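Residue numbers (the working numbering), protein chains in the order written: chain A, 1 to 158; chain B, 1 to 198; chain C, 1 to 119.
One or more of the hints may lead you astray.
As the list claims (entries may be wrong) - When the alpha-carbon atoms are kept at most 20 Å apart in a straight line, the in silico SDA-like pairs for lysine to any residue are as follows:
id : chain 1 : residue 1 : chain 2 : residue 2
1  : B       : LYS114    : A       : GLN110
2  : A       : LYS121    : B       : ALA110
3  : B       : LYS136    : B       : ARG188
Source of the hints: derived by calculation from the structure; they are not laboratory data. Owing to the predicted nature of the structure, the values given are computational and were not obtained by experimental measurement.
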Amino acid sequence: MADGSSITKESAAPASSSTAVTHRNSEPLSSEKGQTTITDGVVTKVAGLAAREVPGVYELGGSTARAIGNVTQKVGLGDARTQGVSVEVGQREAAVDLTVIIEYGESIPQVAEAVRNQVIKRVEGITGLSVTEVNITVNDLYFPGDDVEQPPAPPRVA
Amino acid sequence: MVLVLRALATLIGLLLLVVLAAAGLAAAIFSLQAGDGTLSLSQLASLLSLDDVRDSVGGWLTGLEAGGPVAVVAALSGAGAVLLGLGLLIGALVPRRERLLIIERSPQGALSAKRRAAASALQDLAQQPRVVLAAKVRVRPRRRRIGGRARVTLVHAQTPEPGRVLAAARGASEPLAEQLSLRLRTRRREPRRARRVS
Amino acid sequence: MPERVQRPASGRVLLARLAEQVIAAQDAVSTTAGRDGRWVTADGDRLIDGVVVAATGRRLDVELHVVAEWPPEPLQQLAARLRGGLERSASNSGLSDQLGDVDVAIHDVRERGDTGAVR
Numbered sequence: 001m002a003d004g005s006s007i008t009k010e011s012a013a014p015a016s017s018s019t020a021v022t023h024r025n026s027e028p029l030s031s032e033k034g035q036t037t038i039t040d041g042v043v044t045k046v047a048g049l050a051a052r053e054v055p056g057v058y059e060l061g062g063s064t065a066r067a068i069g070n071v072t073q074k075v076g077l078g079d080a081r082t083q084g085v086s087v088e089v090g091q092r093e094a095a096v097d098l099t100v101i102i103e104y105g106e107s108i109p110q111v112a113e114a115v116r117n118q119v120i121k122r123v124e125g126i127t128g129l130s131v132t133e134v135n136i137t138v139n140d141l142y143f144p145g146d147d148v149e150q151p152p153a154p155p156r157v158a
Numbered sequence: 001m002v003l004v005l006r007a008l009a010t011l012i013g014l015l016l017l018v019v020l021a022a023a024g025l026a027a028a029i030f031s032l033q034a035g036d037g038t039l040s041l042s043q044l045a046s047l048l049s050l051d052d053v054r055d056s057v058g059g060w061l062t063g064l065e066a067g068g069p070v071a072v073v074a075a076l077s078g079a080g081a082v083l084l085g086l087g088l089l090i091g092a093l094v095p096r097r098e099r100l101l102i103i104e105r106s107p108q109g110a111l112s113a114k115r116r117a118a119a120s121a122l123q124d125l126a127q128q129p130r131v132v133l134a135a136k137v138r139v140r141p142r143r144r145r146i147g148g149r150a151r152v153t154l155v156h157a158q159t160p161e162p163g164r165v166l167a168a169a170r171g172a173s174e175p176l177a178e179q180l181s182l183r184l185r186t187r188r189r190e191p192r193r194a195r196r197v198s
Numbered sequence: 001m002p003e004r005v006q007r008p009a010s011g012r013v014l015l016a017r018l019a020e021q022v023i024a025a026q027d028a029v030s031t032t033a034g035r036d037g038r039w040v041t042a043d044g045d046r047l048i049d050g051v052v053v054a055a056t057g058r059r060l061d062v063e064l065h066v067v068a069e070w071p072p073e074p075l076q077q078l079a080a081r082l083r084g085g086l087e088r089s090a091s092n093s094g095l096s097d098q099l100g101d102v103d104v105a106i107h108d109v110r111e112r113g114d115t116g117a118v119r
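Make a model of the complete structure from these sequences and hints.
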């Protein structure tokens, strides 16, 4: 069994058919027998949930992505929490791409910075991967009242 | 209904473009050989069951066949036609990527916005002043660099102080334009005079 | 009707039961059998979800397939705790000679109340 914090990547992890990050356990308090596998989906999910924690982020993804997502969720294929999130995972590093809808009135650069910091903190803290970059694309701005149905316009002439 | 018709028109236009490109490519390839060769126009006519066309047009095409030194020019033209056809197909089929407006770039990653989203948000803000009847915004991101330009065209009701309209619309949209690293230009247009009502 | 003969449980099933108990004792972690229900161990009439025990030579390797609740602790720490818990339970039950590697696979992170299926 390997000592220290060596990390190996297996193309076919024992537990999942997707490419996964595997870590040789190196905790001194327990036996070093066994591997820990974290699927890519977990990294994506952590990044998405972290971004949503930031005030000023209304939603992830865009209107088209959400519409498609609603359909895929209904047939059990999609997960709302990973819409608008794309992650590239390596053995020790991850790069995250996010598409967000920001509430109007918030400073876009400040919200983006907060999202970046939160995503890095959560992904690094939870998965142990080092986040090399977080790219954020603002897909839309949410104006309060966007969801409220407008009353029909009155006639222009008597 | 109009949206559906527009979508249909776009789809049909795209299909026709693909068909045209494919037809051009086929004609160019089948021009590589003369006479009744495998890659000849007469063979193409036979494949498409256009025997009458082959007989009537074939004679004319035979007259066009080049020989001697002109054959090189004809071959190059044929090759060019093939490449053009391929290029048209690629242009028609490869999905368009929306150009992004880059707001910030740092070693930790980039912050960008979709051009349409930026234009839409600026339009909503520019339309906030009461005298503004409509606003049209065009966002032009810089290629591979940060920022860009936004041109706002305002349509407003007749007013003795048109300068104030511009200032009001600019005041409403400038904070967002700054956040998006956009240089804002505003101009105004009065609406066309109404004819039907007095 | 003749009574069904109750055979004593195999080492495989005993380890699977221990693994199930270890996971159940943890907060914010639950098992997953996977989308097609392949990560299970049969225990008589029932299935133990999220635990797969496979023989490798004389030992039994155990796979634990889990889902963590948001926000989770560092996942390596979580995995180490599950592994350590199973090793201690196996030792207390006299099964430590049979226990081989304990692999932990974390498939998802879910918010409380989210019951989406694992892909």
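Checked against the structure, which of the hints given earlier come out wrong? none
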